[in-house]
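Visitor: Letter by letter, the chains look like this.
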Amino acid sequence: MNFKSVQASISNADISTEVSEETIIRLTDINKTFYVAEKQYDSIMEKALNLFKPQKQKEIKALTEINLEIKRGEFLGVIGKNGSGKSTLLKIMTGAFPPDKGGKVEINGRLIRLSLGIGFDANLTARENIYVNGSIIGLTFKKIGQKFDDIIEFADLRSFVDTPVKFFSSGMVTRLAFAIAIHAEADILLLDEFFGGVGDEDFRLKSDKAFKDFIKNDKTIILVTHNLSELKTYAHRVIHIQEGEIVDSGDPEKVIQNYLNNFS
Amino acid sequence: MVDTFVASFFKRIPENNKLERIWVLAKVDFKSRYYYHKLGVFWALIRPAIEILVYYSIFTSLFKTDIEHFELYLFSGLLFWYFFVEGTSKGINVLLSKRYLIESVQFNKVDLLISTTLSALMGFLFNFLAYLLISIIVGGFPFFWTMIYFPVLLLITCLMVLGFSLILSTLSIYLKDIQHFWDMIVMAGFWMTPIVYSQEIFLENLPWLLYVNPMAGLVINLHNVLLYGTPPDFQILGYSFALSLVVFFIGLGLFSKFSHKAAEKI
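Chains A and B, in that order, are what the protein sequence lines are. The numbers in the working numbering rise by one with no breaks, and the one at position 73 of the first sequence is 175. The numbers in the working numbering rise by one with no breaks, and the one at position 88 of the second sequence is 159.
In isolation and in its complexed conformation, chain B is listed as follows (with noise of 0.2 angstroms):
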């Protein structure tokens, strides 16, 4: 009886795919925004870049910055930034872009919101590939030691968007217009977030800031190991990673009590 139980038990389990299904959502995902439309690199390279351009004339010009290397400055910051937006509403809207996957096969949705911020993730990373390459133009090599500490706040910054992911694709079940919402605080983010102003006006001026924004403290630190050669501020490091675990379990917590209920409300 127990073999029987036992031999069903591996039955109904047959294979583990669970990487290789999130890894194909994410690469369609990612191919989706960026091929199937033809200028989809085009617009995908182009938007940044204007909008890095815009960001550098004006504080430049007008504000007359004294951050050494601005553009640099400018672009890491967006790096994370980016990432952070492109991730979050990649999540608000999965549910429904795979609803069609949702009605016909059971599976453990979770997978959808990995699959999405891997995607990002990827877009990240050609992005950083195209900073890694401006800094060499314009900053001769700017490798520094710190580096080592880039692929800690990078994993941090995936944690905290998967887990805003979860709470945002949660809440999507239930207000239609979450999207309207999560763009005006993604507008109001971008503001808190040290990326076009210096991170010594912020810290002097706004440092609870720190504490409301969980992008902050993540920019910060990427500008340290990334720019300035110097070691991660181990406390907001800490409280970026303490937080961002708090966000991804109060996420997993509400997506799986309410994740059910996506097919029909939706």
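With the rest of the complex left out, here is chain A (with noise of 0.2 angstroms):
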């Protein structure tokens, strides 16, 4: 038996007992088609020219029928081919993307989407994108002096901290932007395809126990990935998206085995 397999089980069991019963997201019939123009006119111009030209436009159903609740301290894996929906659905829920009439989209608490390669200001040193950060999810500029430290701490950055962003590297992004939400007092954290293989082997522990500190502490996590031993790792719940349509739910081991089976 390997290190990660022990940690495998420990984590599970640390787990499983804190989901509570409240509902903290719930999807009700929530459809999202995107209207794409064969030639898109989005300009003065071409639209002024186009006036009277009837649009083509292709319909592209990206999500079917959703209806999904999420529990208070339950982490929540989703998984699906590339262009299956998972990022739409994540957008959904951040309120990015409105979904199509009759839908609704209830979040009963405060929400982070984190995902590779945006989420800070390239320009703006580390010190001023926690800032910023912080401050759009909704921390007074004292609570975030309170916890800069700490973020800082967990990133790693301590000499990087006036450096502008764009000077850093795709690990040191992720570091940061993973300190800040983990730190934000945020309910609900979103994790779109985040760990793209970046991070070391330290960060790893330092996320894997941040990511159980988090569920223990009452938060909700959802994250989608291909990384397929990350779910069965912490994962209480897996959700299999395919065309848009939630297709399989439940116990990730069924679910992962199950979605298996579909390329063999």
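Source of the hints: derived by calculation from the structure; they are not laboratory data. Hints are supplied without guarantee of correctness; some may be wrong.
Taking lysine-lysine and the PhoX-like style, the derived pairs with C-alpha atoms no more than 20 angstroms apart in a straight line are [what the hints assert, rightly or not]:
| no. | chain 1 | residue 1 | chain 2 | residue 2 |
| --- | --- | --- | --- | --- |
| 1 | A | K311 | A | K249 |
| 2 | B | K332 | B | K247 |
| 3 | A | K268 | B | K98 |
| 4 | A | K308 | A | K318 |
| 5 | A | K183 | A | K163 |
| 6 | A | K149 | B | K336 |
| 7 | A | K163 | B | K332 |
| 8 | A | K334 | A | K318 |
| 9 | B | K102 | A | K268 |
| 10 | A | K203 | A | K160 |
| 11 | A | K183 | A | K356 |
| 12 | A | K206 | A | K173 |
| 13 | B | K336 | B | K247 |
| 14 | A | K160 | B | K336 |
| 15 | B | K336 | A | K163 |
| 16 | B | K332 | B | K180 |
| 17 | B | K98 | A | K244 |
| 18 | B | K89 | B | K180 |
| 19 | B | K328 | A | K203 |
| 20 | A | K149 | B | K247 |
| 21 | A | K308 | A | K249 |
| 22 | A | K245 | B | K98 |
| 23 | A | K149 | A | K160 |
| 24 | A | K334 | A | K311 |
| 25 | B | K98 | B | K180 |
| 26 | A | K163 | A | K206 |
| 27 | A | K203 | B | K332 |
| 28 | B | K180 | B | K328 |
| 29 | B | K332 | A | K206 |
| 30 | A | K314 | A | K334 |
| 31 | A | K245 | B | K89 |
| 32 | B | K328 | A | K206 |
| 33 | A | K160 | B | K332 |
| 34 | A | K356 | A | K334 |
| 35 | B | K332 | A | K149 |
| 36 | B | K89 | A | K244 |
| 37 | B | K336 | A | K203 |
| 38 | A | K173 | A | K318 |
| 39 | B | K336 | A | K158 |
Reconstruct the complex from the two isolated chains, following the hints.
Guide: Shown next, in the form of structure tokens:
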């Protein structure tokens, strides 16, 4: 038995008792259709020139009849092929994308979505980005000040506090984003293929601990990933999205096994 | 049951940090314009200086303008004009440049527009300091009691900038080339505002422009209170104020109706 699997069994035991009965996210009848014009007229000139020309629009159904309830303290995994609608689902939850008419998104807490490569203004320093992101999330300067050292410590960026983020490596950016997110007192953390292979072993252990603490404090995590072993380690429940529909949901081992059977 | 409802309500809004958020957004916006490019401050100063120099030379030597203290007349008009142009241009781009925030967290996007307006206001205040300095040097101590109206004018201009920013940023969701379109409007607007020519000529020949160009009335009253020491034309002032309110509420209405599409379309 290697180290990893020991950890897995422990963390599962740790986590599984913590899920509460309170619903923190409820998605009801969520559909999402994108209208993509074959030729997109999105400038004034083109709009004026093609005023009377009917536009051919292609409907792309990104999500179909999604009904999902997520409890406070739950670790939910989301799997599915590329383009199946996983990120769209998360953006619906953050409110970045409005659902089609009739759908209802109820969120009962503060929510942060992390995804690779975004989240910072590259010209600003780590310190400034911490303040911008922190106050966008809803923290006062005082609160951010109190947590500032913890964030820097966690991200291991002590000597780069006042360096513009554009000089950071992708690993450093990831660390900073994750450090802000877990210290931001958000209730829900949406991780959209966030740990795309960056982060060394040290950071891995740290984030492992952070995950557990986060869940212990009754926070909710939704993780979209292709790293299935990660889900087996942490998730209480995994949903499988295929062409915009939830085709499978439940016990991680089972759902992942069914998902893998698709490929064989 | 009521208790839990109240408790959950307060839990959802733990602290109100709206003002701090607007402040930090404005601050980084201002800084990134002037500090992060090493020559930012230099360019920020040299461009208006050259512009003033060019207009000054042309209108004194070629057109023989008879405006007294033309350099102050020019500068004071340009103060408001630059504020308006910079504020609205920042507003057009803010949904795009802050997309990384919109996609990650839920927050009131109007804060972004307030912050760009505030950032442009900071630029204005620096220009205003320069203006005061120059006016002391070339005009003695030209301080009039009518300057108490200056904050009123500034407030109306802020509302105007915010209103136009809201409208333009809403349009920017659907029209990618709105910036070019706005640049043209602004270019025309400059010559439709009494900045390089006298406001008497303007009011005599093109009085209707006052109602088309929202900045014309503001610049005229700015000249009155800052330069001539006369009280503002209250009719024009009233119109400016009413118009700024109308623009602001139209902007707010449009923005709240369409801004939820921002992350999807931009």
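Visitor: Hint numbers the structure violates, sorted upward?
Guide: none
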